[in-house]
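Respectively, the protein sequence lines represent chains A and B. Under the working numbering, read the first sequence as residues 14 to 239, first letter to last. Under the working numbering, read the second sequence as residues 33 to 382, first letter to last.
The hints are simulated quantities; they were obtained by calculation from the structure and are not laboratory data. A hint or two may mislead.
[Claimed, not checked] Residues from chain A that face chain B, not an exhaustive set, calculated with beta carbons under 8 Å: (1) Thr66; (2) Glu93; (3) Lys96; (4) Arg98; (5) Leu115; (6) Gln120; (7) Tyr154.
Being a predicted model, the structure only gives us computed values, none of them experimental. Every residue, glycine too, gets a C-beta built ideally from N, C-alpha and C.
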Amino acid sequence: MREEKLALEHVTKQFGQKTNLVTALEDVSLAFKAGEVSLIIGPSGSGKSTLLTILGGLQTPTYGSVRLNGHDISDLSTKEAEKRRLEQIGFVLQAYNLVPYLTVADQFKLVDQVKPNNNLSQDGFYKIIETLGIQNLLNKYPGELSGGQQQRVAIARAFYTDPAIILADEPTAALDTARVKEVGQLFANIAHDEEKAVVIVTHDDRLREFSDNVYKIVDGKLSNTD
Amino acid sequence: MFLAIREIKKEKLRYGLILTVVVLISYLIFILSALALGLATANTAAVDSWQSKSFVMTKDANGNAGQSLLTTKQVDQLSDDKTAKLGITPVNMKIGGKRESAQFVGMNNEEYIAKNLQLTKGNLPKAANEVVLADSVDKDIYGMGDKISIGLSHTKYKIVGYAKNATYNTAPVIYGELAQWRIIKGVSDQFQGSVVASKTSQSVDDKALKTYSYQAFINKLPGYTPQKATFGLMIGFLIVISLIVITIFLYILTVQKLPNLAVLRAQGIPNLFLAQNTLFETFFIMATGIVVGALLSALTEFGIPDSVPMAFDWGLMGLIAVGLMVTGLLGAIIPIRVISKIDPVSVIGG
Ligand SMILES: Nc1ncnc2c1ncn2[C@@H]1O[C@H](COP(=O)(O)OP(=O)(O)O)[C@@H](O)[C@H]1O
Ligand SMILES: [Mg+2]
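Model the full structure from these sequences, guided by the hints.
See below:
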């Protein structure tokens, strides 16, 4: 059996109070294993981003707990949480992934500034940017790239720290079908070859064929479709 | 530093503008402080050159030497080998059709003030109708050997020399013989002078007299203290304005970058790294602005006409530069707080 990297245990997340109460997630239990791509599919407003940010430790559940490598991470200090995000988690977020005043190459150098060690090797880095087709964009600023190119750079950026866990929020939103297949394959390869836990939340059905597990989320409730 | 340098490089217009503002503010502060110092010097240069510790004059004069009249008896009582008698009065000096405000300072050649006087040319007045003028006067008008009329006296006074640092209450000084003071001022011969200066402190028993220390004497020069306060206030305000400007600028920039900063925080880029970066950015803007401002001030020093009393004291400017820098860095506090309070989820969610 594969090693569990990350898990949600009866997680409920509510916003607001009384009449304004919004339940974004309701009693969600999920486990993500190293070496697997897990896809969580749901329509807009179903709670996908909320789920992902709780997994990444950016917010805490109202009820329930989050386990990372078998340990409850509910009460980590801000600094510890920061360190854990930097070292163990690669985020691909919906927007603003790239710093506008840094060239593509500098987006990665920025990571070197705060985490000098255990990032991708030169070879590993080139392999990934070639797969993503961004090797010729290194000297460009994000503003000079198309939406799809920006998204691919963001994916490379998430991989750069060589994290054990990759959390991606709508990573294929701006990509055409051919690119979706390449990116999907890249996620699958990374998970399978390098024993990473990849969690993707999306409404993009095109990613199904690259996933090991597919979950459906509607109105904050989960259902395993397989 | 990594982020700051690249951001400034990329956003040249934005940073160019704020830099311009900092340059102008620091330039203005430097020039104002030079003007303040220049004016202060024009007020006190002559008094400074007298190298005196205390001054006695009549109480009624309220510290204004030009208003003080000492009787022969009073002068005799005060005088000893460490004192010097002065007859100071504001006057008009006339040559040809020209008139100019000046301060006549009558002195006794045997006493220390006359002896210490530094002349740039010529010699001390040796006769009743000889005077020494401030070196700062226009020599085309007040040439060596020219004759001028002073105050109420009918005598034509011959210019026999020029003295260094001879401005009193911003007017050029005319040094002459003490006995001429009474005639120029038009007072009766019961009065012998207006001030008795001393190299040491003096105490007086006479209720009609009052002793002023060097500093008190300076502060009582007409207009001197209000001028100093005005300049101090202006410089203080400018420093506060620079604080507000830099805070607003950094705040707006930070708020504008908030989504990106939030993502960086989500990715685990430490708070401290981002805070240091803002601090460095501020340091860079302030340092560059101050240096350019100082260079402009130096250029101004060469270009400014002599009639504008400006004095550049690089030590004082250094102090102001440090003050501006500290102010700027204080301006970074609010943006740094904003950064440290970013909630990544607020930007990412949805
Ligand atoms: N910070 C928040 N405050 C209040 N409501 C929120 C907040 N974050 C998310 N929600 C609500 O929770 C629900 C799920 O949101 P989200 O997780 O962003 O969905 P998705 O990413 O699937 O579009 C939505 O109804 C949204 O309005
Ligand atoms: Mg979302």
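- request: Starting from the hint list further up, note which numbers the structure goes against and sort them upward.
  value: As far as the earlier hints go, 2 and 6 are violated by this structure, in ascending order.
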